[in-house]
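**Q** Okay, here's what each chain looks like letter by letter:
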Amino acid sequence: MQVFFQTFVNGLTAGCVYALIALGYTMVYGVLKLLNFAHGDVYMVGAYIGYVILQLFGGAHGLSIPVVLLLFFMFAGASVGCGYLGVAMERFAYRPLRNAPRIAPLITALGISFVLENTVLLLFGGFTRSYSTNAYIPFSTGLDFGGVRIDIVQILTIVGSIAMMFGLRELVNRTTLGKSMRAVASDREAAEMLGINVDRTIMLTFLIGSAMAGIAGVMSGLAFNQITNTIGFLAGLKAFTAAVVGGIGSIPGAMIGGIFIGLCEAYSASYISSEYSDLIVFGILIVTMLLRPQGLFGQRPLQKV
Amino acid sequence: MTDDPGQPGADSDANSEGRPVRGGSIGVDQWVAQSGDRHDQGAGWRRVLAQADARVGWWPRLALVTIAGLAFAQVSSNVNIQTVAFNSLLYALLAMGLNIAVGWSGLLDLGYIAFFGFGAYGYAIFSSNALGTGGVGGTHLPAIESILIVVAAAGVVGVVVGLIALRLSGDYFAIVTLFLGQAFVLAVNNVDPSTLGGVNGLFGLDPLHSFGVTVITPLDYYYVALGVTVIVAAVLHLLDTSRTGRAWRALNDDPLAAEAMTMSVNKLKVMAFSFAAMVGALAGTLFAAQQDNVFPTNFTANILILIYACLVLGGVGSIAGAILGGLVVTVAENMLSSPTDAAYLFYGLIIIALIAKVRPWRSLGYVVAGVIAFGYATHAIVGAIAPVATAGHPGSPGWIGSVMNGFVIVPKNPQNFGNALYLALIVGLVAIVRLRGIRQLIAVIITIYVAACCWESRLIVNPAITTQIMLGAILIVTMAARPYGLLGKHRVETI
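Chains as they are written, first to last, in the numbering used here: chain A, 1 to 305; chain B, 1 to 495.
Hints were generated in silico from the structure; no laboratory data involved.
Every value quoted in this text rests on a predicted model; they were computed, and no experiment measured them.
Glycine included, every Cβ here is placed at the ideal spot set by N, Cα and C.
Take the hints with a grain of salt, since some may be wrong.
Each computed SDA-like pair below joins lysine to any residue, with the alpha-carbon atoms no more than 25 Å apart [said to hold, decoys possible]:
id, chain 1, residue 1, chain 2, residue 2
1, B, Lys412, A, Leu123
2, B, Lys357, B, Arg439
3, A, Lys33, A, Val172
4, A, Lys33, B, Asp253
5, A, Lys33, B, Ala301
6, A, Lys33, B, Ala258
7, A, Lys179, A, Ala190
8, A, Lys179, A, Thr288
9, B, Lys267, A, Arg102
10, B, Lys412, B, Ala380
Distance ranges between label pairs, derived from CB positions [to be verified]:
id, chain 1, residue 1, chain 2, residue 2, range
11, B, Ala356, A, Ile65, 23 to 33 Å
12, B, Thr83, A, Ile65, 48 to 58 Å
13, A, Asn173, B, Thr195, 35 to 45 Å
14, B, Leu148, A, Val148, 52 to 62 Å
15, B, Ala152, A, Gly142, 34 to 44 Å
16, A, Glu192, B, Ser264, 30 to 40 Å
17, B, Ser194, A, Arg182, 28 to 38 Å
18, A, Gln2, B, Val191, 23 to 33 Å
19, B, Ala369, A, Val52, 36 to 46 Å
Listing some non-contacts, in silico: residues in chain B with all C-beta distances to chain A over 12 Å [what the hints assert, rightly or not]:
id, residue
20, Asp53
21, His140
22, Asn189
23, Thr466
With the sequences and hints as input, model every part of the structure.
**A** Rendered as structure tokens:
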């Protein structure tokens, strides 16, 4: 039973990270009907920005500032950096393609993903970098429920991402920006005619989505320690699966889908085989798409003729 | 492979006789879309040339390409060049196959690499000692048999996967197939390492052998690849202009309308997916036979992106474009891996971009003079302040390196400096796009200088990474500037 609950905690942590990435997928897809394959690589860049900030303040073993301040700088740096990366991506790569054939932005996304991955490879080299979280946030500072450990980073990840999810939901439901996002999502031309600044709305959507991916990158760096330039690809795929399972375009769907995928992955890794956990996630995606293509929370889109 | 649809009236006349118009144009919309192009053909000799070009049929063009290919084999004696030529034909073949799914029927197939891998692994299993030597279960087939079996099997697998995946539309299909490619690599890495070799791959494959001829040297493989490419191109062209080809295009333009016209949309999609799979597998068998071994890393997403680069660069939907794309991408990739050629390519591209984009000529003069003056001035100033900063040597060998020596700043230990310059280069490119007028010119001057410094101190040291970054950038830029590729045609998109 102890293994079962420990797996649950670990799966929940991974799931929250996937959920944060999936939120970006879902938001962009909702507003632009665009699958931003490069989103997973934004997450990877976020993890590296966090790593650079850690090194700037003396590295894991010679930290020159308090840990709380370090965490603040890491999250702030990653969210700002990735947010602007997302905005730049939208402005220079996707905006010229608004009226291009459907396939064009997807190929562009492949290209962006390739450029980002190899840029990081050029700047940081191919080997694994480690956050060495244990050195400044010891694993022993956590909660212990009869052998089931939840360390402080896991609590931070879980609580932080759930808080961000609720914040995002409030943003979309209550604010003017949220209203214009929903308007652009349901009909871009009509929204433009009603005086909504469509370009600005799309830009802000990319900003928020990418900033959350950056935060997810730092969280995963802290929680799982190791980062390489290729983590974005698989994480992006899994986050996409999460978004689809939850129903693409739905914010609670992305959150629950992410946690579901994280748990499935953790349980299949600890009870079946870690090599096949990716294939099992893939199987979930296929089954979901065949049985309920609109996902758990999505609505079946009306087909316009 | 060009088409001259003529008048719309002539179009429908030809169709009513049941004879497809060459190039398979499909209607008034397209005719209207192309009227601008026809206008742009201009007057005088250009128009005459364009009309003469349009009169040449598809098979003389293909014959011409074949003769050019054969002539090339006669003049080249360098084994490396022959291998590059083989690879470019391989990528042309792969791009042609991908074109069936992506270009003609509009299915964004991101799992194509799995079929390439399927073909290669299939050949590796049947035509080597992977299944043991002799006896029961020790199957070791002749090359030609295993190629036929593998290609047919790929077709069947394509139908099965297609039937599942095509219940999804558009973007969902893309991501499921992307996962399929990933799953293939995972599977060959982990399933039954004793047969599939795991991470170590399979080796000791038979060379191609049939009709008493064994194909061993790179030149022989080049001939085989040339033959296969020409045959596949011919078959695909006939397919393209057939009833099925036109149905695919209709499907790509508007699936709902196609369905309303009683086309069986799902059958057509599965067919396209499966045909693409077969061409991919065929290319895979050639690849495996030539390479003599297969590894899981031969079939990663990087190769997929390379194939997409070929297709997109040449023009989605065009067979000639796929072949041209395969040639351009492979040659460019190969040039980038040699420092001297890479330097030519890099500076050549900068010069071409300047000539093509900077107008009027006066500005071009300012830019060139500005870059030279700015470069030497910066080098002199930095050298006077801190001699260490210019102590390094440019990465380019030969005369380019000696020219650059007094021009670019390369410090003793260029790695971190180069990384910073790389980031500065990205900022500079953004600035060029955003600024206008005199500021833009200044940004261009500084960016070119930064690019040269970054190239000499960092990029050329890691040719593999540089290649990949440039390929990704090419994809992005091509899509933004010319979404239909070099030889692609503008199509009317119905929304």
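**Q** Which hint numbers does the structure go against, in order from smallest to largest?
**A** Going through the list in order, the structure violates hints 8, 11, 13, 15, 17, 22, 23 and respects the others.
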